[in-house]
Every structure is written in structure tokens, then in C-alpha cells.
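*Asks:* Let the hints inform the model, and build the full structure from the sequences given.
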Amino acid sequence: MYLKISKKKNVYHLIGNVNTLNVPKFLNYFTTKIDKKNKITLNIEQAIEIDRNGLNAIQELMTLATSKDKNFSIVGGGCKEIYDHFNEAS
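Under full-length UniProt numbering, the sequence shown has 62 at position 62, and the numbering climbs by one with no breaks.
EDC-like, lysine to aspartate or glutamate: derived pairs with alpha carbons at most 16 Å apart: (1) LYS36 - ASP69; (2) LYS4 - GLU49; (3) LYS70 - GLU60; (4) LYS68 - ASP35; (5) LYS33 - ASP69.
In short, the hints are calculated from the structure, not lab data.
*Replies:* Structure (C-alpha cells):
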């Protein structure tokens, strides 16, 4: 399945899959957003799958945002794997 990103009230909603096939575009899109905005919020409620490469991409974006003193957060209960991944990393 594809990945669609929609924005509502300064929250970016991930709809579909974040996987190896779309990680480069995903990273490019949000790297640009991190450069322009002070706060990025991802809502993963409608994420169907986030594979290991997708998780690593999100981790990379979190690291980038932190290095630029930007706020990067993830909300929604759509994908338990992401919470498990970041709990293991910390």
C-alpha cells in the first residue's frame, strides 16, 4: 500500500505504509519540514505498517530535529511496533 501524508492543524497524518519503498521520499519530505518549522507532530493512527526501515527513518528525523532544537513528536495508537522500537532504543 502507498503512503499518503495529510496535514490538519499542524499535525501530519501518515496514512498507509512507511516502508523501504517510500522511505527516501518520506525522509526528504520531513527533512524539508524540519528545516522550515519549529514543531513537527506525526499522527500514526492510520499507519497500517511501519517496517524496520520506516522506524529507522523516523528515528533519523527525531535525531535531526533534536540537533536543530526542533520539537518532533509522534501521536496516535495506530502502530504498536513504533512504540516498542523507541522503548527498546532508550
